[in-house]
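2 protein chains.
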Amino acid sequence: MALVVMKFGGTSVGDMCRIRNVAKRVAKSFDNGNQVIVVLSAMAGETNKLVAMAREMEDSPNEREYDVLVATGEQVTISLLSICLQGMGYKARSFLGHQVPIITDNAFSKARIERIGDRKIREALDEGNIAVIAGFQGVDRDGNITTLGRGGSDTSAVAIAAALKADVCDIFTDVDGVYTTDPRLVPEASKIDKISYDEMLEMASLGAKVLQIRSVEFAKKYGVVIHVRSSFNDNPGTLVMKEDDEMEAVLVSGITYNKGEAKISVFNVPDQPGVASQLFSPLSQANITVDMIIQNVSRGGFTDLTFTVPRTDFKRALTLVKKAAEEIGADGVETDENIAKVSIVGVGMRSHSGVASTMFQALAAEGINILMISTSEIKVSCIINDKYTELAVRVLHDIFGLAKKDVKEE
Amino acid sequence: MALVVMKFGGTSVGDMCRIRNVAKRVAKSFDNGNQVIVVLSAMAGETNKLVAMAREMEDSPNEREYDVLVATGEQVTISLLSICLQGMGYKARSFLGHQVPIITDNAFSKARIERIGDRKIREALDEGNIAVIAGFQGVDRDGNITTLGRGGSDTSAVAIAAALKADVCDIFTDVDGVYTTDPRLVPEASKIDKISYDEMLEMASLGAKVLQIRSVEFAKKYGVVIHVRSSFNDNPGTLVMKEDDEMEAVLVSGITYNKGEAKISVFNVPDQPGVASQLFSPLSQANITVDMIIQNVSRGGFTDLTFTVPRTDFKRALTLVKKAAEEIGADGVETDENIAKVSIVGVGMRSHSGVASTMFQALAAEGINILMISTSEIKVSCIINDKYTELAVRVLHDIFGLAKKDVKEE
Chain A
902 MALVVMKFGG TSVGDMCRIR NVAKRVAKSF DNGNQVIVVL SAMAGETNKL VAMAREMEDS
962 PNEREYDVLV ATGEQVTISL LSICLQGMGY KARSFLGHQV PIITDNAFSK ARIERIGDRK
1022 IREALDEGNI AVIAGFQGVD RDGNITTLGR GGSDTSAVAI AAALKADVCD IFTDVDGVYT
1082 TDPRLVPEAS KIDKISYDEM LEMASLGAKV LQIRSVEFAK KYGVVIHVRS SFNDNPGTLV
1142 MKEDDEMEAV LVSGITYNKG EAKISVFNVP DQPGVASQLF SPLSQANITV DMIIQNVSRG
1202 GFTDLTFTVP RTDFKRALTL VKKAAEEIGA DGVETDENIA KVSIVGVGMR SHSGVASTMF
1262 QALAAEGINI LMISTSEIKV SCIINDKYTE LAVRVLHDIF GLAKKDVKEE
Chain B
902 MALVVMKFGG TSVGDMCRIR NVAKRVAKSF DNGNQVIVVL SAMAGETNKL VAMAREMEDS
962 PNEREYDVLV ATGEQVTISL LSICLQGMGY KARSFLGHQV PIITDNAFSK ARIERIGDRK
1022 IREALDEGNI AVIAGFQGVD RDGNITTLGR GGSDTSAVAI AAALKADVCD IFTDVDGVYT
1082 TDPRLVPEAS KIDKISYDEM LEMASLGAKV LQIRSVEFAK KYGVVIHVRS SFNDNPGTLV
1142 MKEDDEMEAV LVSGITYNKG EAKISVFNVP DQPGVASQLF SPLSQANITV DMIIQNVSRG
1202 GFTDLTFTVP RTDFKRALTL VKKAAEEIGA DGVETDENIA KVSIVGVGMR SHSGVASTMF
1262 QALAAEGINI LMISTSEIKV SCIINDKYTE LAVRVLHDIF GLAKKDVKEE
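As you go down the protein sequences, you meet chains A and B in turn.
FYI, this note's numbering numbers position 52 of the first sequence as 953, with every residue one higher than the one before it.
FYI, this note's numbering numbers position 279 of the second sequence as 1180, with every residue one higher than the one before it.
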């Protein structure tokens, strides 16, 4: 008898009919002899509706109360699924965050899970129940309702799987698994069977939207095997798990891209201690995340600084940067909104040299100019003109041999 | 500094704009130096919507999960009101049933309040907060969410007022207070300034829909003064409170009517022990409430039994009664759906004789035939043909001098 956690996102529970389908899928797993814990998101669109209500009431709604409001979305889906399962003759019991309890810190609207009580869930399972738990929400040590931030239900599921030592954490979604790159861009993109936590983290933070980053960090920390799979079929999906030899043999696991950034350059910055801080502190105070930062070699006591920010924060960032640039006596500010970040990710890079230069050559061969480069142990990212994004992704996907193998040839 | 409980129903919090109005009203009371506890219902229509969802999923939804679902309605309004108050610069804090806690038994969907913890609310008030509490919901001793049944928010408010020894419990509604009778029937109906708990209980159970009966029982038990008043103006409403001399001086406080019943007569019932039980047990097992029961004097070992049931249960009741009548050897069953119950209510009846006969004479003078009579210490009810309802109510309202006094004459 295995203990499985099954997490379904908002699209999978988007209406009554879909909730019935989820119930059937859950019942099937239970009938196969598993102990089953279900973790649900709110109905697709519902959280947005609740957020809009809060914003309509107040531009900056009180965060404690905001969480009380948006937490209702999951309360609706878990009760409806439990009603459905009971109607099908199964024992089912819903659990809100505070009933589990899922203890978090008190950072409302972006709380972090600190501890999960396993006793009540285990009791419910041992009594033959299917446990249906509200994702996305928790409770702080003072009994206040908290929420984990968008996509937090993935993290709920993984944390619950860790706390209860589940055999696997199935994340059901509207795609078949994690792909070598975006299949809408590259039809030959192939599903990855196994991917390491670190690769998945890079993929997630670089723009692949399958899993919330924090859920992968959690899974890595506690060694939870995540199975990303489709809620519409029974096909095996992608296992996110500890690195193994097989993975290391693969040079590059995936290609990602991100068109959501903009580039700001500050010229002739005096190369003195404290200058970078003067430039970036205002941005961090304004809660603007700076992604890549490149500082050129200093010439004559002056240097150039280039960095990227989310395009949505671009206007706010520019105002702050212009002010700071003036204060530190820099020469001028230049911007570029038409950029994209293209990245290759793979644990194989650690033990294979030449991966980066293969990437640069492939881009050069297509006449694609590289504007910025940044690397980590398992990824290389290049900023390019965004009109070349699709071309770059296709070329890299091809050069690193990620295309689907023709099944008939095997 | 007074401690006031302010309860607003679904119509008063029916949309964003109305919630803002409630916030202003609450803020005003706070600014006047009061400690303020607000108790809210769900937005008008929202509970019905949630109930419909549960029923769409399953004809007889699991009751525990049904309560989890419908409890979300109040969670939405308390968080929105708190967000609004915070935005206006007031300290406000929402409380769900389990956060107060409002401890109930585990009779899901019709739970009864057993105990209310006052510590957390008192702390919040002492810190300068307006406490905003979800009506209608509680938590049982195992931490399951429960709900109190339709109209339960009135009971929540009164119970909270009792637990915190509030000076007054304001029940804001869409009418100005409790009227001597239905103003739609009798334009001269006047607002009652003060009414005793017992009178209010009779009025409520006889068809006046202003307050949930259980809330009045609770108020009586704990001596909570309820102020029923309009959420749209500042006029004083009706105080529901302990009987005083002033009230006793009034012969009849109000006239009520109820068109929601039907009459069933069973003829020539053998007058033997156990027969009534054989007739009424099937009805109570089917959860059908029998209201009036009249048994005539026995003649020759046989008697006639007449009783009333809610019109909505009439068909079910008739089937059960016909079966039972046959079993006990009764002669036949006759029914009448076109009936109405008209009642006069007043604690003054206790000390004044002749009230009932005044009623009978007044009805007779209009040619209205009385089909059944039932009395208690403080009320007299007559069943009449329902086409005379309006006439009867007007005549009784007039004969007992309940019409509005012309202000100019005073």
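If you are wondering where the hints come from, they were derived from the structure by calculation, not from laboratory data.
Careful, some of the hints might be misleading.
Pairs count within a copy or across copies, as identical chains cannot be separated in the list.
With a cut-off of at most 30 Å between alpha-carbon atoms, the simulated DSS-like pairs for lysine-lysine come out as follows [what the hints assert, rightly or not]:
#1 1095 with 925
#2 929 with 1095
#3 992 with 1122
#4 925 with 950
#5 1066 with 1305
#6 1288 with 925
#7 1092 with 950
Against the structure, the hints:
no. : hint           : verdict
1   : 1095 with 925  : within (27 Å within a copy, 58 Å between copies)
2   : 929 with 1095  : within (25 Å within a copy, 62 Å between copies)
3   : 992 with 1122  : neither (33 Å within a copy, 40 Å between copies)
4   : 925 with 950   : both (28 Å within a copy, 25 Å between copies)
5   : 1066 with 1305 : neither (35 Å within a copy, 73 Å between copies)
6   : 1288 with 925  : neither (45 Å within a copy, 54 Å between copies)
7   : 1092 with 950  : neither (33 Å within a copy, 42 Å between copies)
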